[in-house]
Amino acid sequence: MTTTSVDTDLLLQVDNLTVAFGDGPGSVKAVQDVTLDVKAGEIYALVGESGCGKSTLAYSLLGIVPAPGRVTRGEVRFRGRSTTTMDKTELNKLRGAEISMVFQGAMNAFNPVLTIGKQVEHILQAHPEVFDDPKDGRAYFEHLLGLVQLPPERIWSSYESQLSGGMKQRVAIAVALLLKPSLVILDEPTTALDVLNQRLVIEILNDLHASLGVTIIFVTHDLAVVAELATRVAVMYAGRLVESGTVDEIFSGGRRHPYVEALINAIPSVLDAGLKVKPIGGSVPNLARLPEGCRFAPRCPLAEDGCRKAEPPLLGDDHDHLVACFVTNRSLNGAREGSEA
Amino acid sequence: MSLLEVTNVTHTYATGSGRPVLHGINLTAEPGDIVALVGESGCGKTTLGRMIAGLHEPTGGTISFDGQDIAKLKGRQRKQWRRQVQMVHQDPYGSLNPGLTIGSTLAPGMLQHKLANWRNVQDKMLELLEQVGLDPTPEFLQRYPHQLSGGQRQRVSIARAISLDPKLIVADEVTSMLDVSMRVAILDLLLRFARERGIGYVFISHDFGVVRYFAQGGRIAVMFFGHIVEEGPVEALITKPRHPYTHMLLQAIPVPDPKMARKRTQTEEDAKGERLIGEPATTGCVFANRCPLVQDVCRKQAPKLADIGGGHRTACHFSDQVPPLAHMVGTTAGGDHDRNGSKAADADGAGDAVPVAHHPAGD
Chain A
1 MTTTSVDTDL LLQVDNLTVA FGDGPGSVKA VQDVTLDVKA GEIYALVGES
51 GCGKSTLAYS LLGIVPAPGR VTRGEVRFRG RSTTTMDKTE LNKLRGAEIS
101 MVFQGAMNAF NPVLTIGKQV EHILQAHPEV FDDPKDGRAY FEHLLGLVQL
151 PPERIWSSYE SQLSGGMKQR VAIAVALLLK PSLVILDEPT TALDVLNQRL
201 VIEILNDLHA SLGVTIIFVT HDLAVVAELA TRVAVMYAGR LVESGTVDEI
251 FSGGRRHPYV EALINAIPSV LDAGLKVKPI GGSVPNLARL PEGCRFAPRC
301 PLAEDGCRKA EPPLLGDDHD HLVACFVTNR SLNGAREGSE A
Chain B
1 MSLLEVTNVT HTYATGSGRP VLHGINLTAE PGDIVALVGE SGCGKTTLGR
51 MIAGLHEPTG GTISFDGQDI AKLKGRQRKQ WRRQVQMVHQ DPYGSLNPGL
101 TIGSTLAPGM LQHKLANWRN VQDKMLELLE QVGLDPTPEF LQRYPHQLSG
151 GQRQRVSIAR AISLDPKLIV ADEVTSMLDV SMRVAILDLL LRFARERGIG
201 YVFISHDFGV VRYFAQGGRI AVMFFGHIVE EGPVEALITK PRHPYTHMLL
251 QAIPVPDPKM ARKRTQTEED AKGERLIGEP ATTGCVFANR CPLVQDVCRK
301 QAPKLADIGG GHRTACHFSD QVPPLAHMVG TTAGGDHDRN GSKAADADGA
351 GDAVPVAHHP AGD
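Sequence order for the protein chains is A and B. Residue numbering for the first sequence is 1 to 341, as defined by our numbering. Residue numbering for the second sequence is 1 to 363, as defined by our numbering.
Isolated chain B (complex conformation) (with noise of 0.2 Å):
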């Protein structure tokens, strides 16, 4: 039994084009566990997160968090479980109360959970802002978000999720609207409570640099309007990607080394113009409009995600001519040295994702 699961879930927004925006999604996750889920806008990766939160009910399908159907959860079980799943959102100027102090943003939750009472709420409050890099004073606690940084927001929403004690974070998109120097304090700290608390987290993110650094060691799940088309354990999938979808996102990352920038440009003409946006297929493979390995066959019969070995699933009928990711190899040598550093540092396992030497530091 696993901590999550979410079995055959599908979901169909009752507004719009009345196309299932899941289609059959299956997913687990151990406790401690990090699945990054990435794919472009509209892929559907927002909604099963939230999903997954308990935001939204699915049409079909079921998500289980500890063996329990969380749709039919009712009374006292509802409430543990509503305390365990906690959501961290992409927007920290949206995702704030602003007519609230950060106290009152706070307090309530652990007052409701009885995790505080009104005696000793204020001190386990300055304890969470220090936990999370904030001014652990009173004064900072009558203060408004929009007296804040984005950074320091984004702090706030994350002190509130961990105030639960939950099991589960779900992460999306959380550094996205941060500015570059913050975006790397902000998964450190994350990080550091799945290091120090055990927390798994289900991280979403369309920037696979991100998810290579936050989720070392977890699992990505790459989807595509709606569906899982490459799952796998991180540095695989990332390394080798056994899905022409996964190798195009890949591709398409802007790569701070203009040299490289300009190799690629020259070398590299299937990631282009029309194949990287546009509609799915309706019949066959999902992603065969925009493959650049497309035959006839995956016009009219669409692959299962099937087990390739070593943990790692793909749909697709030729994921053994993914082409390598040449940009990539010269790159990835000082990148095993690093990993197998850590591998030899973390040995004693733990669930430690990243051994990560330094501070976040204050915004």
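Bound conformation, chain A alone (with noise of 0.2 Å):
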């Protein structure tokens, strides 16, 4: 497998985006000042701990970021248009079309009610432009259920509650790529699955990757996951980009953030018997009472005075490969600091 894809277009790009719950002082922007660019052909990761904005970001590429949030500055285009500018109309004829959403928590996305078929019925009903024949749309629902490994005839007549967590987890993704979305963006996608289930839908995912071609957004706080799956890689940290960079930029040790490497280093792997393994002091602070200076001082191992007085800003190298760090960066000219944790 190479990161290389063919089309390198660019499908997504988030500009300078800011997400804010509330007005005036009270204010508390759950994102703050996001730039990001999705090629078509990638599967990109947005990492962080909760309260760290991750889904909320997600929720912005649709526009359905949950009142009274909203954004309050810069923008998000789609193929070059503006999705934070369009009308109701328009944003509904993207979404589920062009962009779709699997949520998190695949347990609730359904109505008890009503059998999965129905439902898909009723998707196929609310997007007429997507197939000429409605009977077309269950074929190719059919089709996709094959891909995520069920089987196609038990499903559509099931309801809900007649199918595992790990089965409507991979019903939900068949639903979201039915109308042939170039892009789909994924929730916590294997959260709350146990191993087995989990594995199942990395494979799925990168199957249905290389053989529809779909560009996926994924949510995840599992970096282990992010390594398996993703190209591309975005960690935030209480509503800023903390460091983006293709998947073995992230995982390769070199120049890192140190929340990320606090993030790697909490996970206890079953590569050894864990004694390397740190939890990471300290919690996500209250976006309502951010610390002066760099948001990730207080629980950063290499602060130093200067960390406590400014936002680091977000610095690349030649291959785009961005951190916000001041103690870090500091690699990038080339007088590099020698203390490591």
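Hints are supplied without guarantee of correctness; some may be wrong.
[Claimed, not checked] Derived BS3-like pairs (lysine-lysine); straight-line CA-CA distance at most 30 Å: (1) 167/B x 124/B; (2) 276/A x 240/B; (3) 114/B x 79/B; (4) 167/B x 263/B; (5) 278/A x 259/B; (6) 39/A x 118/A; (7) 114/B x 278/A; (8) 278/A x 72/B; (9) 240/B x 304/B; (10) 300/B x 263/B; (11) 39/A x 93/A; (12) 276/A x 167/B; (13) 180/A x 135/A; (14) 276/A x 259/B; (15) 118/A x 93/A; (16) 167/B x 114/B; (17) 304/B x 278/A; (18) 135/A x 276/A; (19) 180/A x 118/A; (20) 240/B x 263/B; (21) 124/B x 74/B; (22) 259/B x 304/B; (23) 72/B x 167/B; (24) 39/A x 263/B; (25) 263/B x 276/A; (26) 259/B x 39/A; (27) 167/B x 79/B; (28) 180/A x 309/A; (29) 135/A x 118/A; (30) 114/B x 124/B.
[Unchecked claim] Now the in silico label distances, taken between C-beta atoms and shown as ranges: (31) 144/B x 213/A: 47 to 57 Å; (32) 91/B x 86/A: 36 to 46 Å; (33) 108/A x 292/B: 26 to 36 Å; (34) 127/B x 212/A: 34 to 44 Å; (35) 122/A x 91/B: 29 to 39 Å; (36) 310/B x 9/A: 52 to 62 Å; (37) 93/B x 10/A: 46 to 56 Å; (38) 15/B x 316/A: 51 to 61 Å; (39) 15/A x 15/B: 52 to 62 Å; (40) 108/B x 159/A: 36 to 46 Å.
Hints listed in this document are in silico derivations from the structure and should not be mistaken for laboratory results. For each residue, glycine too, the CB sits at the ideal point set by N, CA and C.
Build the complex from these two chains, which are given one at a time in their own frames, with help from the hints.
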């Protein structure tokens, strides 16, 4: 597998996006000044702990940030068109057919009193532009069920209560692909699944990406899943992007944000007896009471006086591997700090 | 006589398919032992854990605690046993009563079991909060669960469990709903009580990474649809699994290393697709439908859980053919080094599972 994709067109651009909840002095910026580009054919991971803004960012891509949240600055462009300024009719056309989403907790994504088939029929009725004949839609859905390794006949007539958590997650993925979108956003697709169902979902997403050429953005807190699935990664902390790059750059251990380093070291891995594992002290700061300077400084083992005064800018190397850290970014100018935690 | 003896336990839920969820389970634990139950969703590990904690009664077989069948305990003895076995649940959001303050959550158990009286219960509770890394102030005792983070709630659950001075804690997926950054701190907290008070654990998880960290020096029992298919010392079972299902579980774990992940996708095909999920076989070996090593004999004759030496048991006709875990070999070298170091460090024994150098951080 190579990380270079055939089509390098920009599919989605997030430009200086800020999403705020509330007004005035009490307002909280769940996403602040985030800029990122997703190219067609990528599998893009948004990573962070809970409360870091990754789900809010994912919602803002579809224009479905729940009130009182709203985009206060910047924009999201899909194939060059701004979705932030689109009217409702245009957005509705975009949703499902161009960009679709699998929400966190697929267990609750279905209507419990309608069969899966009925719910798929409703989607097809709402988007008559995709299939000329609804029968083609059903046939395509059954084809997709095959791809997610489920028995098509049985699923069509099932109620969600008759399916296991892992099966529901895979049905939700098939539903998301029903209208042939070019971009699918998945919020925590492997969370709450056991390790075998996780592995299956990872395999399926890899296969769907290869066979349908669909671009995938997924949100997760699990760096191991990122390593298995993603081609590109953006790590968020307290609403800001702190690092982004290819999956190899993030895991190579070269220039790396100390938060990413800490997250990687916090995973008890089956690969070793776990004595190197270190928990991260403290927690994600309350967004209404952010610390002065770098937001990670209170938990950071490398923090210096300067880190508590100003927020570090996101700086890149020649390959667009971006890191927002004063200390690690010194290596960019050759003046590498010798201390490693 | 062991602290905990599960003998031939079988259970069938009254509703549903009528298929037993547990089949002839045998398991023992000595005081201070850490026994991990591992398996996929629906394998019966939580049901077994809840039975050990006395929340369900099995339809067949017996569970003994301190030499006495728990189903037959009465009066004061029953109350004693209730105190000595505690449970920490998976969901920190659902396992605390939302209408009770932290104080009202912690106090009744200690008062009921006369581990505190009205005069000193507040001090005891503050002591507990301190021990689990929470803010030991009277104000904190006035808080409600919804005012706490997931990690803080799980610490309250742990405080509630240890407040009764138990001998055994059933810990059911205690970290799976927490943020990655908090998991290790919670595990360390539980391990500290194992070390300081000799508390034993039945530790339920589907995550071998967490199990390897938590249960070092202990044992793992791997469950598949109500059967224990392999049981053995943690390191032996993880580095040299002798049942194909254990191998499959280990192989499925995502590793935080993209190069290793790609290499594995290219080289290892046996744990793919339909083998990962699916129903158990009804005749012969229960794993036969999904087993990459399956042969005719497996369809006819169910293998018994047999001892293969070193306290390691497996239920497989072809346990010697389970392949080594290729992608783990390169990295266990460093682990070995660490483990040897730790062996020397805790030569005094004392049921010390893991030498943990750091202190759990507050949430």
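Hints versus structure:
1. A threshold of 30 Å between alpha carbons decides the hint, and for residue 167/B with residue 124/B the separation of about 19 Å falls inside it, so the pair holds.
2. Annotation: proposed proximity of residue 276/A to residue 240/B holds, straight-line Cα distance about 22 Å (limit 30 Å).
3. About 11 Å separates the Cα atoms of residue 114/B and residue 79/B, which keeps this hinted pair within 30 Å; it holds.
4. For the suggested pair residue 167/B and residue 263/B, the alpha carbons sit about 45 Å apart, so the restraint of at most 30 Å is broken.
5. Note on residue 278/A and residue 259/B: the hinted pairing holds, with a Cα-Cα distance of about 23 Å set against a maximum of 30 Å.
6. The suggested pairing of residue 39/A with residue 118/A is violated, with an alpha-carbon distance near 35 Å, which exceeds 30 Å.
7. For the given pair, residue 114/B sits about 38 Å from residue 278/A by alpha-carbon distance, which is inconsistent with the 30 Å threshold.
8. Straight-line distance between C-alpha atoms of residue 278/A and residue 72/B comes to about 45 Å, which puts the hinted pair past the 30 Å bound.
9. For the proposed pair residue 240/B and residue 304/B, the alpha carbon gap of about 19 Å is at most 30 Å, so the pair holds.
10. Taking the CA atoms of residue 300/B and residue 263/B, the gap is about 36 Å. The hint is violated against a cut of 30 Å.
11. Between residue 39/A and residue 93/A the CA atoms are separated by roughly 21 Å; this keeps the pair inside 30 Å, and the hint holds.
12. Proximity of residue 276/A to residue 167/B is assessed by CA-CA distance (about 29 Å); at most 30 Å being required, the pair is judged to hold.
13. For the given pair, residue 180/A sits about 15 Å from residue 135/A by alpha-carbon distance, which is consistent with the 30 Å threshold.
14. Distance hint between residue 276/A and residue 259/B is fulfilled; the C-alpha atoms sit about 20 Å from each other, no more than 30 Å.
15. For the proposed pair residue 118/A and residue 93/A, the alpha carbon gap of about 21 Å is at most 30 Å, so the pair holds.
16. A distance of roughly 17 Å separates the Cα atoms of residue 167/B and residue 114/B; the hinted pair therefore holds under the 30 Å criterion.
17. For the hint pairing residue 304/B with residue 278/A, the CA-to-CA distance comes to about 40 Å; that exceeds 30 Å, so the pair is violated.
18. Distance hint between residue 135/A and residue 276/A is unfulfilled; the C-alpha atoms sit about 56 Å from each other, more than 30 Å.
19. Proposed proximity of residue 180/A and residue 118/A is supported: the alpha carbons are some 19 Å apart, at most 30 Å.
20. With a C-alpha separation of about 20 Å, the suggested pairing of residue 240/B with residue 263/B holds against the 30 Å cut-off.
21. Using a Cα cut-off of 30 Å, the hinted pair residue 124/B and residue 74/B holds, with the two alpha carbons roughly 29 Å apart.
22. Of the supplied pair hints, the one linking residue 259/B and residue 304/B is violated, its CA atoms being roughly 39 Å apart against a limit of 30 Å.
23. Restraint check for residue 72/B and residue 167/B: satisfied, since their Cα atoms lie roughly 20 Å apart, inside the 30 Å limit.
24. Of the pairs offered as hints, the one joining residue 39/A and residue 263/B holds, with about 25 Å between alpha carbons and a cut-off of 30 Å not exceeded.
25. For the hint pairing residue 263/B with residue 276/A, the CA-to-CA distance comes to about 24 Å; that is within 30 Å, so the pair holds.
26. For the hint pairing residue 259/B with residue 39/A, the CA-to-CA distance comes to about 22 Å; that is within 30 Å, so the pair holds.
27. Our distance criterion of 30 Å between C-alpha atoms is met by residue 167/B and residue 79/B, whose separation comes to about 14 Å.
28. A threshold of 30 Å between alpha carbons decides the hint, and for residue 180/A with residue 309/A the separation of about 48 Å lies outside it, so the pair is violated.
29. A C-alpha spacing of about 13 Å is found between residue 135/A and residue 118/A, which places the hinted pair at or below 30 Å, so the restraint holds.
30. Taking the CA atoms of residue 114/B and residue 124/B, the gap is about 12 Å. The hint holds against a cut of 30 Å.
31. Between residue 144/B and residue 213/A the Cβ separation comes to about 50 Å, which falls inside the hinted range of 47 to 57 Å.
32. Here the CB-CB span from residue 91/B to residue 86/A is close to 39 Å, well matched to the stated 36 to 46 Å.
33. The supplied range of 26 to 36 Å is met by residue 108/A and residue 292/B, whose beta-carbon atoms lie about 35 Å from each other.
34. Between residue 127/B and residue 212/A the C-beta distance comes to about 59 Å, which lies outside the given range of 34 to 44 Å.
35. Between residue 122/A and residue 91/B the beta carbons are some 32 Å apart, a value that agrees with the proposed interval 29 to 39 Å.
36. Remark: the range hint 52 to 62 Å for residue 310/B to residue 9/A is upheld by a beta-carbon distance near 58 Å.
37. For residue 93/B paired with residue 10/A, a C-beta distance near 40 Å fails the hint of 46 to 56 Å.
38. Checked against the given bound of 51 to 61 Å, the beta carbons of residue 15/B and residue 316/A, roughly 58 Å apart, stay inside it.
39. The hint said 52 to 62 Å for the Cβ distance between residue 15/A and residue 15/B, and at roughly 54 Å that hint holds.
40. Checked against the hint of 36 to 46 Å, the pair residue 108/B and residue 159/A passes, with Cβ atoms roughly 41 Å apart.
Figure legend: structure checked against the earlier numbered hints; hints not met, in rising order: 4, 6, 7, 8, 10, 17, 18, 22, 28, 34, 37.
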